[in-house]
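Colleague: Residue strings, one per chain:
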Amino acid sequence: MAAISVELFAYPWDILEATPERFLDHCVALGVTRAHVTVSYHSGKFLLPRNRSVRVYFPEPGALYFQPDAAAWAGGLAQPVSRLAGSGWLERLARGAAERSIELSAWAVFFHNSALGAAYPDLAVQNAFGDVYPFALCPSHEAVRDHAAALCRSVAALGIFSGVDLETIGYLGYFHGHHHEVTAIPLGMAEKFLLSLCFCPACRAACGSAGVDAESLAAAVRGLLDRRMQSDDASGGQDEEAEHVATLLVACPALAALIRLRMETVTALVKRLSVEAGSAKLAAFTSSFVGSPSNIWMEGVSPTDVGELVECFHLLAYAPDVAQVNSELVFFLALTSDPARVNLTLNLGLPLTTSFSQAAAKVEYALRQGVRRFSFFNYGFLGEARLRWIGDLARIARGDSR
Amino acid sequence: MTELRAGVIGHGYTGKLHASAWLANPHAALTAVADSDASRLAGLPAGVRGYSAYEQLLADDLDAVSICLPTHLHAEATLEALARGKHVLLEKPIADNLRDARRMLMAAKAKGLTFYVGMTHRFYPELREAKAQIDAGAIGEIVAANDCVLEHLGFLNVPQWYLEKKFAGGGAALTSGVHLVDRLRWFLGDDVRAVAGRAGNSYFGADVEDSGQMFLYFRSGLSAQITFAFMREEHPLVCDLQVIGTRGSLTVHTWQSYELWNNSGRQRKVFYTQEPHPAKVQAGIAGEVEEFRASIVEGRTPWPSAEESTRAVQAILAYYESAATGRLIEIGDLHAV
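In order, the protein sequence lines correspond to chains E and P.
My numbering applies: residue 12 is where the first sequence begins, and numbers increase by one.
My numbering applies: residue -10 is where the second sequence begins, and numbers increase by one.
In short, the hints are calculated from the structure, not lab data.
Worth double-checking, as some hints may not be accurate.
Claimed, not checked - A partial selection of chain E residues facing chain P, derived with a Cβ cut-off under 10 Å:
1. Asp25
2. Ile26
3. Glu28
4. Arg61
5. Asn62
6. Tyr68
7. Phe69
8. Trp100
9. Arg106
10. Gly107
11. Glu395
We put the CB at the ideal spot given by N, CA and C, even for glycine.
Start from the sequences, fold in the hints, and give me the full structure.
Modeller: Set out below in structure tokens:
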């Protein structure tokens, strides 16, 4: 039986606050054997309960947290480099991790990047109405895929990481939230899905090459959306309307073909990244925005095809309800076949996790399904008491007596 | 001497900050580091030699050393370094007893070497600027002062030796409170005449105090109160100095900002944005390293002098005596036997 892996996600600003050495000591104390640390990240507003310096932190939008080698970065877009990159945090972390036998994964956000979206609007996702989503780059563009390759290659060139985590490697769409969101029309899963489809010039060109009539499809999508937007139907817009998405795919072969095309693009990209990553193993994320983890295909990521290319999927088991998480896990395992390829990722913060027993029940169920990797989100977001839970959950996962 | 060659003894949390400060100083070169824990010597920058014993480092061709060892080793290492002709920058507190402090002060004087005890708070911009405001008369004449430090020493922030008398020599008062006594002496421009206080160990039950209060009587007739706690449960780091004057008050939220209230209204100045805490401390250590270096090169006494830093410890020791006896303790001459 494979050894149990207990893993922790952490940000550079939290690691620097603790100091890299203390962060790693905390990992050891909690039984953590792999740390996933941010190397490329999006903007945000984060509440940091234990931080002595800052309680509300605003990461630099879309920044890299290391200084990439110029040669390795060839083909990459002009992504900003964080001021934290020059602090030596990564070098100290690498040294300390080696001394403590802790594996490191480079947690990289790829296409969700407002800084790059603003700088390169022509490379961003565009919906069927032609509206640009400036927080998301579209992987149908060759330049965007080249950028992903440069990022992956540059991370591998650091020689620090045994894993690279691919976050937002597909088509991020309307599902993703934004600042000061306002809508007076209740949108359901089907409408959000349709608003998430990209019809940028690169996507249209790809459709053309594949024999998909993008113009007609976009018009049909606009028609469906307009009907909803003009319906004044207060009863609509339930996220439970997932079956409407399935109906659309069956009723509209062009839509199904577009979805297949998106997944092929992402799968081919992941294959390319697996070469760029060298000896580092790839991991992919499910999405917390599209409902069930299995719905990651809505962002263009095929659980089955990508699942065969990566070492594991970080299955974001964020639903509070234990039964729901267990059900999603079983369905995802049915798609990917191998429980060794699933890393059950729990967010131990409130309100997603209300009690230790809730988290423990999810871990215990996953263990029975054969899952051997467990990761926890996130070092900086959790208070001390919940951080300690990781140690207790690690003992449960490993079958150690308390 | 154009470039000072420096070494660091003790390469733990604080020693690493010293090493970084020496590396970043354009007028100095870090050439050696010593630590008995070999794992702390891994990955030293090119050109920096690593030694497992500080005696080996002191045999090296160095001008000066930072000593960043637990308090119980301060005197032994400092006297050895001075005997080897090295200028010494010693991490606070100088010692947990006046006998050792005097031995170090006298040895440095006898050797004609610079001996400096790092007091980082003197180099934090928020404190320096607040002091300048007071000196400029922003709050009038000083009437009284309060200072406090509330520090979480739970699972995440425990240097274990902090809470063991045989290593630290004392508890929260000697480890953290010494900064507050030093900065009150600085802000009030005065020496402490007498101390009264109470100590507790209700958080950790260790053999040193983890909380307490002290009341300082200054020679000028002013007084100040200090409250400190090493808290077990999660708590934000609070380190607030409040100086009350005849025309207003000024409160320094260390590592954050200061607030000035006077007849012009409220003025608040924020000094940091989102820097991690170690980076802020690093700035203070960089300041004291530069002061140490410059004082050696310029042949002057560093600021504050080691005697001044010792007087802060003297007040802490008087506090311990007061806490043990329940009496007000008058502070004698530093050099009296």
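Colleague: Just pull the numbers of the violated hints for me, sorted ascending.
Modeller: Every hint satisfied by this model.
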